[in-house]
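Trainee: Listed below are the residues making up each chain.
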Amino acid sequence: MLYETSPAAVAIFAAFVLGVIGLSFYLGRKAQSAQGYYAAHGEIHWFVNGIAFAGDYLSAASFLGICGMIAFHGYDGFLYSIGFLAGWIVALFVIAEPIKALGRFTFADALDARFNSRGIKLAVAISTLVVSIFYLIPQMVGAGDLIVPLLGLPHAAGVILVGVAVTMIVVTAGMVSTTWVQFIKGSLLVFFCGILTALILDRGLVVNAGRCADAVPVPQVRTVTPDGRVLVDGAAQTNKHDLRPVGTIAALPARYAGKTSTGPLRPLEYLAALEDSTIVTWSAKKHVDEAGTHTTYSPVERRGADLLKPGGYFKGLTSGRLADRLDFASLMLALFCGTASLPHILIRYYTVKDAAAARKSTVVGIAAIGAFYVLTLYLGLGAMTSGALDPTSTNMAAPLLAKSFSTALFAVISAIAFTTVLGTVSGLIMAGSGAVAHDLVENVLRIPMTDHEKVRCGKIAAVGLGIVAMALGILFRSFNVSFLVGWAFNIAASANLPALVMLLFWPRTTKQGIIAAVTVGMLSSLAWILLSADTFEKVYGWSRDASVVPFSQPGLVTIPLGFLVLVVVSLLTPPRGARP
Amino acid sequence: MAAPAGDDERATTARGGAADATRRIGLALFWVYVACYLAFMVLVLLFPESLSLRPFGGVNLAIAAGMGLIGGALVLAIVYMAACRAVEGGRSRG
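Residue numbers (the working numbering), protein chains in the order written: chain A, 122 to 701; chain B, 7 to 100.
Rather than coming from a laboratory, the hints here were simulated on the basis of the structure. Treat the hints with care, as some may be off.
[Claimed, not checked] Not everything, but these chain B residues come out facing chain A in the computed CB check (under 8 Å):
(1) Thr28
(2) Leu33
(3) Leu51
(4) Leu57
(5) Ser58
(6) Val65
(7) Ala68
(8) Gly72
(9) Leu80
(10) Ile84
(11) Tyr86
(12) Ala89
(13) Val93
[What the hints assert, rightly or not] Per label pair, the in silico range of CB-to-CB distance:
(14) A:Ser440 <-> B:Val81: 30 to 38 Å
(15) B:Val81 <-> A:Ala222: 36 to 44 Å
(16) B:Gly95 <-> A:Ala278: 54 to 62 Å
(17) A:Ser404 <-> B:Leu52: 22 to 30 Å
(18) A:Thr513 <-> B:Leu52: 33 to 41 Å
(19) A:Lys380 <-> B:Gly63: 18 to 26 Å
(20) B:Val81 <-> A:Arg387: 18 to 26 Å
(21) B:Val81 <-> A:Ser154: 39 to 47 Å
Predicted model only: the values in this text are computed from it and were never measured. Beta carbons: idealized from backbone N, C-alpha and C, even for Gly.
In isolation and in its complexed conformation, chain B is listed as follows (with noise of 0.2 Å):
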């Protein structure tokens, strides 16, 4: 049987809403890794010396600072996915 045309105004409104809502959860998240892709580089460029330092004990920074934005990248994008799910399914529940 075919949705009323009231359910499917309502559910394009709602599509539409997911979509600007993860668009900015995405733009969120991009600037968060942009801050530390480029606290990174202005250690590479201007203090390479420090990522010699060993704070942890074991591995230098620049190998755990390589690390990390490598695994930091996964982490976020784990997030994200995990937010856009709970942003879809808030907003068709709605």
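So here's chain A without its partners, still in its complex pose (with noise of 0.2 Å):
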């Protein structure tokens, strides 16, 4: 049996979540104000701030999705963590100081705080609504798989929990609650991925791990007929009768003849070891017929040495097509350029006080986010060796790891996914919130508000986009998550970063040229992934070969169009002060 029901991971969970919603209504009286709600007062301390950043960029994509990467494809998925990791950089080194002299609630005030337009305004007001929307799905989409087989709850009854949690977060006290709420994810995600490293290292490397008489190296069979019922191996699946766990060592390095387990090993030493170690990975080989869609996993020896190179998971690497070479190095621009473009990432420098403490907090921020990323790899190999492992999900290789070790940890483990996709969820409806009532009602329509109304805008906007998220993680539910996180730094990097680095460093730009930029960047980048090759085929069911564009991340070519956008059209328009 794979998954059963954990009353300890529901308990916990239960326990977080009514915890941070009692600390949100505490807070709720901080956030009367448009300046408290929106931007924290500016008065969050500078360290706090920083594993805030960490909560908030940790998503759900990051801790499962990079985990199950690593875990089913080996080194490819490190390069996602490199590629995530290296994106602060160019927040720290170019945009944490400007943006926080610059903005005062929302990524809109920063690009227009020159100009005064309410063009900039509706323009950056739409690609951040975009923005968040496709990064919130995966979010939400994450949090129903997580609660089916964990909690044995249908997946709607995962999105609406998550859902109607962080809505009364974001409500009861903004940006004071939301960022406490990302401080405490962030300091239990670090910690007990940790904590499951630090076991990991002690149980080192062990051959056969988890086999029971139930988890035959053989191959084994899934099919889901067309009524909808699921098969394992010809007999329908239950807990008794489900697939046997898969990930092991077959045969450890020969410094370790005649032992079955290396027993404790020091970080470097655990990955110089597997490296020489053969492990036992599985295929996946669909076919479909009239009985249904069968899915064969079959067990595949492989040197631990070619799992910890390029090439597992992005084929093109080896392959020698240059447009699979192109699709890689488009999708590693897309995270370098992407995090300091994300609306949600942004707004968090407007808690603190000052450009100093922006910038001290973005360096804490990465310290926990690196060391977050560098523990991956250790949960990703760990999980592939485990024996733990369910083949038909990525997404379920941390909590199976955990697993592992005992279940007391998985119920830890599992709560803190959920925490996980709780504290992105809350900066996103945040960042939205205010796109819409600051941005949008107050600055696009101008509408007039006292100050309370901005608020109380605010918080109708939040509970606007919660509903919005909760409904499109059930229309999407079958959609890959990992493609909606990709779309959403592709647009962001695409729409934002030209702009924002251009208005910082170019004096001649306008602000026809932003919102151009802006405009284009953003449908342009949609526009590359809604024909792209992977959406072809894996979004609309349809052949590869039927895409118009050669290579499926848009950012490569998307992003330097931003950027000759702005500049062409900044020198065909007056630049500001000169007179009409």
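Two chains, two frames, a set of hints: combine them into the complex.
Mentor: Written as structure tokens, this is what we have:
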């Protein structure tokens, strides 16, 4: 049996949710003004803000997605970690201090600081909403995916549970409660991932870890019948008749000859020993006939050295096809440029008192996030060899790794996985509600509001976004969540980064240039994604060959396009202060 | 007691000068990191087999470089923070 409902996980999650909602109500009195609701009065301590950066940024895609990708495909998942962390260099060295000086509540405030243009506010508010919604969907889908096996509830229940909890957190105290939820989540995530890594190193590498009578490495077949029933090796899937867990060590390095375990290893020793080991992974082959869709999972012995080099997931790195390499380069560019363009990350700079605090909080964020991403390598490889993996789900690698140690740890890690979603979704809803209430209603429509009304408008927008997020989480249930995170990074980098960087470093930038760059960057990246081979195959179910763009990730084309459009339009329009 | 107008002006000028100096330091460190990131990408894209080498005996170059990029980001961040503190401290004393 791969999964079982864990009352401990339910209890821990319930305690956390009730705790943070209680904290939110307690902090509610600090968010009576617009400055308090949107920016926590700029009074958050830089260290708390730094850890909150980690809580905001380390989404379900980082925790569950990267661990799963490393567990399933080896080193290539770590490339995501490298790209995600590298993006913080742009945030620290280029963006942090200027954006603190320029902005007030939202990303649009910063881009519009020198122009006071409704056009800029409109374009940036729409871009903020698009990026936030694309980022929200995978978080909500991830919440639903987690709750099905762990709590035995329907997918929609997980989506609604997270949606309601997050909406309450945001509505009660805005950025104040959002910051503290993210601080708690960031601290818990890094701390417990550290504990899990220590346990992995203490266990070392074990031959046939987790193997028992029902985990023999033979092929197994999962069938989904036309009427929706799931069969395992021809019989109905039940708690007692399920797929067997996979992923073990077949042979240790020669220096451990005659042993079945290495015993405790130091961090670098662990990686070196794994590289010299033989690992049993598995292949998945799908075929469809009148009886249903059959997926055969077969064990495959591989050298550790082959799993710890690039090319396991990004096949293009070894295929030699130029388009595949460009696709990978484009993804890594989007990860590098996308972080400092995500509206929910950028608005966190408004919660500290000055530029020096913005800088210090980014350094703390880099330390926490960097530590986490190093740990993901151990978590992923630990899961790969734990003998506990579900071959059908990459997202469950980290919780199942924890289960290979103890049920209590499984409960804690599962609860933390839920809180991961809470922290990120609250930041996204906060950014989206600011875009609607502050940018669109107050500045574009210019509806006069008192300070109290501005807060109420933000809260109504947060409730609306919460409902939209829940609906989309249910609607997009079957979508591949990693796609949508990639989309969000590409759109953010293409729409927002060119305008932000040029505003800071090119005095000739005009408001028309910014509006054009944001609009073209957003639409071109969105269009490219919708016309890509990956989307054709995995979203529409069409042939990859029908795609009209040469590779799937748009950043390599659409980020430079954003810069080009900004420069051309700015040169064609009168500079600030020029007479018409 | 309020500071004389001349002192205010000097303080504002010093803050502006410090901001310019920290921005220059930040950009210099940014390009250092970009160069490292680009070098790694060139290896991954054009010479992926080279990342299997184990020049340090233990872990391969792929792992070492990845860890180096993550650790290097933190090192540069700390260098930046220390440099900014020195600049801002120097300007405010000056």
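Trainee: For each hint, tell me whether it holds in the structure or not.
Mentor: Results of checking the hints against the structure:
1. At about 7 Å, the closest approach between the beta carbon of Thr28 (chain B) and any beta carbon in chain A falls short of 8 Å, and the interface hint on this residue holds.
2. Among the interface hints, the one on Leu33 (chain B) holds; its C-beta lies about 7 Å from the nearest C-beta in chain A, closer than the 8 Å criterion.
3. Because the smallest distance between the Cβ of Leu51 (chain B) and any Cβ of chain A comes to about 5 Å, under 8 Å, the interface hint for this residue holds.
4. A least Cβ separation of about 5 Å between Leu57 (chain B) and chain A falls short of the 8 Å threshold, and the interface hint therefore holds.
5. Satisfaction of the interface hint for Ser58 (chain B) is found here, the shortest Cβ-Cβ separation to chain A being roughly 5 Å, below the 8 Å cut-off.
6. Interface hint at Val65 (chain B): satisfied, since its Cβ lies 5 Å from the closest Cβ of chain A, which is below the 8 Å cut-off.
7. Taking 8 Å as the C-beta cut-off, the interface hint given for Ala68 (chain B) holds, the closest approach to chain A being about 5 Å.
8. Against a cut-off of 8 Å between C-beta atoms, the interface hint on Gly72 (chain B) holds, since the closest Cβ of chain A lies about 5 Å away.
9. Evaluation of the Leu80 (chain B) hint against chain A yields a held restraint, the C-beta minimum of about 5 Å falling below 8 Å.
10. Given hint, Ile84 (chain B) at the interface with chain A, holds; its Cβ is 7 Å from that chain's nearest Cβ, closer than 8 Å.
11. With a cut of 8 Å, the hint placing Tyr86 (chain B) at the interface with chain A holds, because the nearest CB-to-CB distance is about 7 Å.
12. For Ala89 (chain B), the interface hint is violated, the least distance from its beta-carbon to any beta-carbon of chain A being 11 Å, above 8 Å.
13. Because the smallest distance between the Cβ of Val93 (chain B) and any Cβ of chain A comes to about 11 Å, over 8 Å, the interface hint for this residue is violated.
14. Range check, Ser440 (chain A) to Val81 (chain B): about 35 Å between beta-carbon atoms, so the 30 to 38 Å window is met.
15. In this structure the supplied range 36 to 44 Å is violated for Val81 (chain B) paired with Ala222 (chain A), their Cβ-Cβ distance being about 26 Å.
16. Range check, Gly95 (chain B) to Ala278 (chain A): about 55 Å between beta-carbon atoms, so the 54 to 62 Å window is met.
17. Restraint check, Ser404 (chain A) to Leu52 (chain B): a C-beta distance of roughly 28 Å satisfies the suggested window 22 to 30 Å.
18. Between Thr513 (chain A) and Leu52 (chain B) the C-beta distance comes to about 35 Å, which sits within the given range of 33 to 41 Å.
19. Look at Lys380 (chain A) against Gly63 (chain B): about 22 Å separates their beta carbons, and that is inside 18 to 26 Å.
20. Our hint of 18 to 26 Å for Val81 (chain B) and Arg387 (chain A) holds, since their Cβ atoms are close to 21 Å apart.
21. About 40 Å separates the C-beta atoms of Val81 (chain B) and Ser154 (chain A), a value consistent with the hinted range of 39 to 47 Å.
The structure fails to meet hints 12, 13 and 15 from the earlier list, while all remaining hints are met.
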